[in-house]
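There are 4 protein chains.
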Amino acid sequence: MTQADQGGRNARPLPQDLAIDTLGRCLLPSPVTRHLGERGVKFVGEADKVLLDDSISSLTQTVPDTASLPAFELAGPRDKIFFDPRTLRCGIVTCGGLAPGLNNVIRGIVLELWAGYGVRHIVGFRYGYEGLIARLGHQPMMLTPESVASINHEGGTVLGTSRGSQDAGEMVDNLEANGIGILFVLGGDGSMHGALTLSAEIARRGLRIGIIGVPKTIDNDVPFIDRSFGFVSAYSAAVDVIHSARIEAVAARNGIGLVKLMGRHSGFLACQAALASTEADLVLIPEIPVLLEGNNGVFACIERVLARKGHVVIVVAEGAAQDLIVDPDAAPGRVGSRDKSGNAKLKDIGVFLRDRILAYFEKVGRETTVKYIDPSYAIRSIPACPSDSVYCWNMARNAVHAGLAGNTAMLIGRWHGHFVHVPIALATSRTRSVDPDGDLWMSVIEATGQPREFA
Amino acid sequence: MTQADQGGRNARPLPQDLAIDTLGRCLLPSPVTRHLGERGVKFVGEADKVLLDDSISSLTQTVPDTASLPAFELAGPRDKIFFDPRTLRCGIVTCGGLAPGLNNVIRGIVLELWAGYGVRHIVGFRYGYEGLIARLGHQPMMLTPESVASINHEGGTVLGTSRGSQDAGEMVDNLEANGIGILFVLGGDGSMHGALTLSAEIARRGLRIGIIGVPKTIDNDVPFIDRSFGFVSAYSAAVDVIHSARIEAVAARNGIGLVKLMGRHSGFLACQAALASTEADLVLIPEIPVLLEGNNGVFACIERVLARKGHVVIVVAEGAAQDLIVDPDAAPGRVGSRDKSGNAKLKDIGVFLRDRILAYFEKVGRETTVKYIDPSYAIRSIPACPSDSVYCWNMARNAVHAGLAGNTAMLIGRWHGHFVHVPIALATSRTRSVDPDGDLWMSVIEATGQPREFA
Amino acid sequence: MTQADQGGRNARPLPQDLAIDTLGRCLLPSPVTRHLGERGVKFVGEADKVLLDDSISSLTQTVPDTASLPAFELAGPRDKIFFDPRTLRCGIVTCGGLAPGLNNVIRGIVLELWAGYGVRHIVGFRYGYEGLIARLGHQPMMLTPESVASINHEGGTVLGTSRGSQDAGEMVDNLEANGIGILFVLGGDGSMHGALTLSAEIARRGLRIGIIGVPKTIDNDVPFIDRSFGFVSAYSAAVDVIHSARIEAVAARNGIGLVKLMGRHSGFLACQAALASTEADLVLIPEIPVLLEGNNGVFACIERVLARKGHVVIVVAEGAAQDLIVDPDAAPGRVGSRDKSGNAKLKDIGVFLRDRILAYFEKVGRETTVKYIDPSYAIRSIPACPSDSVYCWNMARNAVHAGLAGNTAMLIGRWHGHFVHVPIALATSRTRSVDPDGDLWMSVIEATGQPREFA
Amino acid sequence: MTQADQGGRNARPLPQDLAIDTLGRCLLPSPVTRHLGERGVKFVGEADKVLLDDSISSLTQTVPDTASLPAFELAGPRDKIFFDPRTLRCGIVTCGGLAPGLNNVIRGIVLELWAGYGVRHIVGFRYGYEGLIARLGHQPMMLTPESVASINHEGGTVLGTSRGSQDAGEMVDNLEANGIGILFVLGGDGSMHGALTLSAEIARRGLRIGIIGVPKTIDNDVPFIDRSFGFVSAYSAAVDVIHSARIEAVAARNGIGLVKLMGRHSGFLACQAALASTEADLVLIPEIPVLLEGNNGVFACIERVLARKGHVVIVVAEGAAQDLIVDPDAAPGRVGSRDKSGNAKLKDIGVFLRDRILAYFEKVGRETTVKYIDPSYAIRSIPACPSDSVYCWNMARNAVHAGLAGNTAMLIGRWHGHFVHVPIALATSRTRSVDPDGDLWMSVIEATGQPREFA
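Residue numbers (this note's numbering), protein chains in the order written: chain A, 1 to 455; chain B, 1001 to 1455; chain C, 2001 to 2455; chain D, 3001 to 3455.
You may find that some hints are simply not true.
For each label pair, taking beta carbons as the anchor points, the in silico distance ranges come out as [said to hold, decoys possible]: (1) B:1304 with A:431: 39 to 47 Å; (2) A:295 with B:1430: 53 to 61 Å; (3) C:2136 with A:164: 51 to 59 Å; (4) C:2366 with B:1087: 36 to 44 Å.
No lab work stands behind these hints: they were computed from the structure.
Think of the CB as a built atom: it goes at the ideal place given N, C-alpha and C, for glycine as much as any other residue.
Whenever a hint applies, use it, and build me the whole structure from the sequences.
What follows is the structure, given as structure tokens:
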């Protein structure tokens, strides 16, 4: 892999009304010092980067030039900032499906902009990118410390959200008309692609508008972010549902509890929820091909667990086993169709699996019951758990620092426990998935006792 | 209505090896005194009955004979008991779907039998009435204070459960073979019918086996029981789900949250959950006919709430609007089909309503989203809430008192805050439903602002 | 006991600008009909009363005149009301310590006044009776359906509260100046005494101001109210604390967990929490004299439980064993001192008991640890649980109905499952406590295995 | 700092009945392969180390020898193991105060030993190091997958715990007598010192017994472990308590809510709970000297917040401001006294602060109320939250891998998101505390608005 520190900073609009140094660095002193006390803030410097690989075995014996090692720019406050907070106008938009913590991030951005930098004009665009399309008539909300003070106690997003992209030209028109200097985009993969288009249009017009992403993915599948906000809340809530499934399974002869969890292309949520619950016997994820029949197939696994324990608990990620679902009418979505965010509509693996399991056991003449639970809306709508609350606050603070420092087309990531700057182009160029040979999957198969592969 | 105190006591097997008085009352002194201290227990006497109607306006101006007023026998310990606890063997069986508190009732029965009366042989039959069929080979569990000490911390039932009835003859054979003196049946309407059949067969054989029912209905629709155990737990859990639906609805333009709750023939759970949540805009229950179209129909109501608030939260009982679902393929169940407990399989009103609402708004050209949540398994599998914990404990104690005193075909009910004896025949002869003119429904329409009727 | 229906209605200010009948009943038709639909509301009539004693054995064989039986007036909407909702101004005040559900009751009163009757001027007085003293300068809050819509999701009271009484003259001056027609007082025993003084002063001045009480007592010790709002929430929260105490006790050799719960003069909360938790071994309440030493004393009980189980969990009501605490410095309060509400300051039984138990076991040479938890503030500040949420809503609705119908010096009680009108003078004339011979205490000693008395 | 990889491995007892290579590495092949499937496990190799500092700015421009960089050995399974699982006997002991997750770690160790390696003899020593003293007569518990299957659902520790150290000689006698090969010690700083003494005695006797530590500190103050197990659970529970304090504070005029949290020498828990709650106005920790009086003192801060918001919420770590408490009778502990674990008994800052605040405001003639909550036992006794559940499982797995591979006097740490081996000697040689110039404290002062220092 090449150097991670690319893209974002180059795309940054250069300040013309400020004295700048030869590197194009802006010279406005950060007001954070003033706000936070005389002793001074520990600012992040030019050389503060986090190695992409921090294991010794990854380093060659002699490293000629450490600066050339792949690394991320550390997030945090800079001593010089690009925008003048007294005149800066900022916008926030939340896109795509709900995730716990959206309100915490909104709140954190507003508080840091207001108290940390003295920004006094912050608007929230309503209902995702739709709110940036003037002709749709959604009035933006003015956001102040008072108006956001307690929004974190509720799930969802006070701004509203929607799926799908909008015309970049119209959106930039709106940003210009509103005099927005920084737009914070809270959204998933699709929204980050939208953010790239937006920043390309901004660059084409030569505008000084920064686009800062805060990646929102309940699937936890954004690369270079070892934990997306809301993820801990989500798998924590899923634990209760898995427990319910187990209680139902235990109460029936040959009872089978089946829980479908979010995870379109990755099984992080299913794995983590299964580990946290300690009660799953079988975890099916997109990364591990699923075989139903055969000696090492899902049916055989179920039979073995039933024989040993009398009941089975299965956790399945929504994106698992999509290749098996041949009947397009088995589920609400249709093959090849896509939702407004451009995501391929998945066929419902939960319903499919329930029906196939019932059919199998009817065939072999063994009575079973399957209790199927699909808790998605009830999970993604909860407030952030305390751990996510802290995490969102720090995400938000670093997003503001990144924006004020003049970055654009950049999102806040986390690498080896550090918050870092990740160019959106890099983050959207690949996906993150559960490594079938890695420790997470190993941990799951040890916890469940399931086979490593169904092949 | 005729006198409530009928049936049960007459069906009671008379003790032949004990001195009995002219009324057939048994003369063994209750050991509860010995166990509970020298000061003596306040026993319930012959005349302790609770009026069916305790309002003054119900009494005629002069009551010639108060003993003739309709009334229930008060539950509680009797000074004389029918069975000798030193030799008595008791059985417990749990039938039908899960409800919070089953384990609490099991635990309570065991503790009261053991510590209150000194009974030392208590078995739990496995998987509902199936466990009473010897040839199916389910070994009963021995139950002791130690083995049940902490089972109340989990939902479900440690005994397992199943739907459906079994052959009364085979079951009584088993009771005889095991020397069971009292069988405690925890179950719903179907199971109580089963209990009647069982006690009829017992009477036919002239056996001294008491059948005591503890009514279990998450729908809260058993008559003469103002609150079934697990009901408070269930609607409490439903509140969180309604809240999730609201969060989802608020976050979308014209967002519609739809929650389906249990309630085959009655809307108690839907009403109570809606009241407790304070967040429902529309509650649909079996007792109130549903009209979709028209000026006062569901669609019009939704439009009005959307216009006023921008989102709608709908709570629907599973038994509501069954007459509207004409397409038998709209839902997993089919018209006329029944499950193993003999309940008619309901057509899925949640899916039906979601699809019809989407179709309507597509027709009128207004974009909406419907987020539909069906939380049933996640609700009925939870542990009893503290309020139900106390309630189950008292249900269990009174069931034991009733059984030891020699009652049979009797269940424990609650009337105006008192635990009472209700003949199973009486309780199963009618159903309880939400009164469209009563205070509960009035309370709901005030809380939601919905019309009283859709007509 | 004499007839319950006294005091309140007689003290009612007579309407002079309305046609009234010979009984002084007002003739303004209730607008509830108009608001709630054409079908009409089932109004409560003159003769709708609830018998004080609904057991048959309490009725004499021939009752010459049922109207003379002790009974409470049923709460609920009346077909004629006293005040004209279009001009009526209402006030709400919350007094004394926090209890879960205060915000629910405030919200319910506002919604019922506004939507049920059309009242448009509702104010909340701040910080208890202090808010009625003009010279203290607390500005009342205007309350509307919007401002109270979500307050029930938080504990505490949006109005604020304070302890202590204020000068009745000054308070009535304020009510007059603000043109208040009905004042709803949410408070405990002390506040209800204050409400009586207030209504006496109102009567003295010949004013038409109704005072309606909603009894708030986390101790659940108000007579004629079988359940005070917030009580279920409180004991539910206490269950978690008792569980914590047990976990701590189990983890230590001879571990003793000690939890102090609210209950100045009554042990309802301690009993109910102990029953709900199923984990207490010893419950100490004010109604049962406590002996520490001796063969049947607390120390001996602890020793016996330790010998059997290895750990002990003790729940003590704050008002228990006050006679034992001889050293006035053993606790923050002093003998004879009173707080601002006029309650005698209790000596801290928790600290006292912890120290005495440690001293005892040190004396007998047995190592123990005592983990003492005092959770009061953490319990009384929680939001209402779903069960209390419904209950508060109905309390509030009935308080509004009572007020509009022209009652005064009346509080909303509950008797045998019915909401009823209870004259404040009657409710404050006695206290309610756990009956040492009743079923609640019996239930506790069966659940804990503790002796019935320490004597 | 010198190289981190020291001590532990050198102290390892050498195997004499196995072929070993020149480096003393054992040659028994790991059975993990066999248990976990044919595809093979990704074992951790010799060179897999994690850099102590992973920032680029920390690397010199040219690194001559990367192997000499300070680094930790990566935890995880090794391809060769030291002990023969078929004959190995393992012990587990839990020491000191409770922390959420103890049962999860016990369970994880047993499952990994049993299923991962095939160890069949695992005992749990009771009540901390006391359980290793034979003459005290605590019988060890046999631990199996069945016996530990569900223990994680409860807080506390099934083994029991105690404070204080015991004679190393007696303890090693016991280990020898029981034939223990690996002892897993779950405990805090004091217990880790005990573990060192134990391993020194083992080395002195030339025995082959490994001592593996799993650091347990609710204060989160063990160095080289960025997150101790139970920490997330603890601060999550503290959030609710802070919320209660806020509700109480808001409901009173000039209300002050005061919460004392664990943290003898470090403020991590107080900081993290305050951040997560978003409701604290003032956080006092041991690392930041506290001044009460003066223009920038605590009293002045309280006054400013009261003026702005009308109420204040204060979170104080138990170890804060110890220098201020001059009166030894102000708190249960005495100056200089120590508990059985050797920890200096702290004076009660909560009570001290409450009294001083009340005295101050009485002096300046402003009425306030202080509601003080000390939730410690209620926090440390809860079950592990889902996030800690996963974390404990991985801690346990890595502890087992470390033990089987022949490490001793080593604990499992976490560094930059990787589990690593940390010599106990290194971990106990220093303490970890909140950096007054670091991002955590900066984050707190931004969140609260409090001054950075009280000086």
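Against the structure, the hints come out as follows:
In this structure the hint that residue 1304 of chain B and residue 431 of chain A lie 39 to 47 Å apart at CB holds, the actual value being about 44 Å. For residue 295 of chain A paired with residue 1430 of chain B, a C-beta distance near 55 Å keeps the hint of 53 to 61 Å intact. Between residue 2136 of chain C and residue 164 of chain A, the C-beta spacing of about 56 Å keeps the proposed range 51 to 59 Å intact. Range check, residue 2366 of chain C to residue 1087 of chain B: about 41 Å between beta-carbon atoms, so the 36 to 44 Å window is met.
The structure meets every hint from the earlier list without exception.
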